[in-house]
Amino acid sequence: GAVVSQHPSWVICKSGTSVKIECRSLDFQATTMFWYRQFPKQSLMLMATSNEGSKATYEQGVEKDKFLINHASLTLSTLTVTSAHPEDSSFYICSARVPFFLTDTQYFGPGTRLTVL
Amino acid sequence: QQQVKQSPQSLIVQKGGISIINCAYENTAFDYFPWYQQFPGKGPALLIAIRPDVSEKKEGRFTISFNKSAKQFSLHIMDSQPGDSATYFCAASIQIKAAGNKLTFGGGTRVLVKP
Chain A
1 GAVVSQHPSW
11 VICKSGTSVK
21 IECRSLDFQA
31 TTMFWYRQFP
41 KQSLMLMATS
51 NEGSKATYEQ
61 GVEKDKFLIN
71 HASLTLSTLT
81 VTSAHPEDSS
91 FYICSARVPF
101 FLTDTQYFGP
111 GTRLTVL
Chain B
1001 QQQVKQSPQS
1011 LIVQKGGISI
1021 INCAYENTAF
1031 DYFPWYQQFP
1041 GKGPALLIAI
1051 RPDVSEKKEG
1061 RFTISFNKSA
1071 KQFSLHIMDS
1081 QPGDSATYFC
1091 AASIQIKAAG
1101 NKLTFGGGTR
1111 VLVKP
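In order, the protein sequences belong to chains A and B. For the first sequence, position 90 matches number 90 in our numbering, and the numbering has no gaps at all. One rule links them: number in our numbering = place in the second sequence (from 1) + 1000.
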């Protein structure tokens, strides 16, 4: 299957600072990537859809000014958590859409654990 | 509104047994149903997927059964192994660009396979 990487795998930061998470498609070009958030023992919650060369589409209730998404190339999308607070601590996972004949499939990255102190 | 309901929340099965996870959906526009396996601290990995034009799909020890009229689908893990212990998520999406190809996830099922 298609390989998606994330960097860093974990990050600890102080409250009020900003953190950038990278999502890369390693062996394919991804025009669309997705960003999810997952709390312990819960399901994945879609935060936003990232389209190469255009503005991200945010889900209802997600603050676009707090979670900045940039999809500058066909293999890289970034999520920046601005002015992070302890409640932003979570597991952030990206996925990339891989179009196959008749079916689009999403492949996920390994996730980034964010802890805000 | 939870569009994909998954049950049970957790499941314990003996090695060699069958694990069965069920999902029900509400939106009849869904036309792609993947299952993902997630280990602690890792991202979900695509396990198997089905489209509504078939009633069953098998890949190795994993089988999806699909009932379009009942709007239900299930994952069967045959000959369950301790290495299968993970959280399983069902999902559904609408495979047209206008819908954004977004996945709607079920709540997840934590499976523990006892040796």
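One should not assume that every hint holds.
[Said to hold, decoys possible] Cross-link-like lysine-lysine pairs, in silico, BS3-like; alpha carbons within 30 Å at most:
id : chain 1 : residue 1 : chain 2 : residue 2
1  : B       : K1071     : A       : K41
2  : A       : K41       : B       : K1057
3  : A       : K64       : B       : K1057
4  : A       : K66       : A       : K20
5  : B       : K1015     : A       : K55
6  : A       : K66       : B       : K1071
The set of hints was computed from the structure by calculation and includes no laboratory data.
Hints and how they fare:
1. B:K1071 with A:K41: With a Cα-Cα distance of about 26 Å, the restraint between K1071 of chain B and K41 of chain A holds, given a limit of 30 Å.
2. A:K41 with B:K1057: 28 Å, holds
3. A:K64 with B:K1057: 40 Å, violated
4. A:K66 with A:K20: 12 Å, holds
5. B:K1015 with A:K55: 48 Å, violated
6. A:K66 with B:K1071: 38 Å, violated
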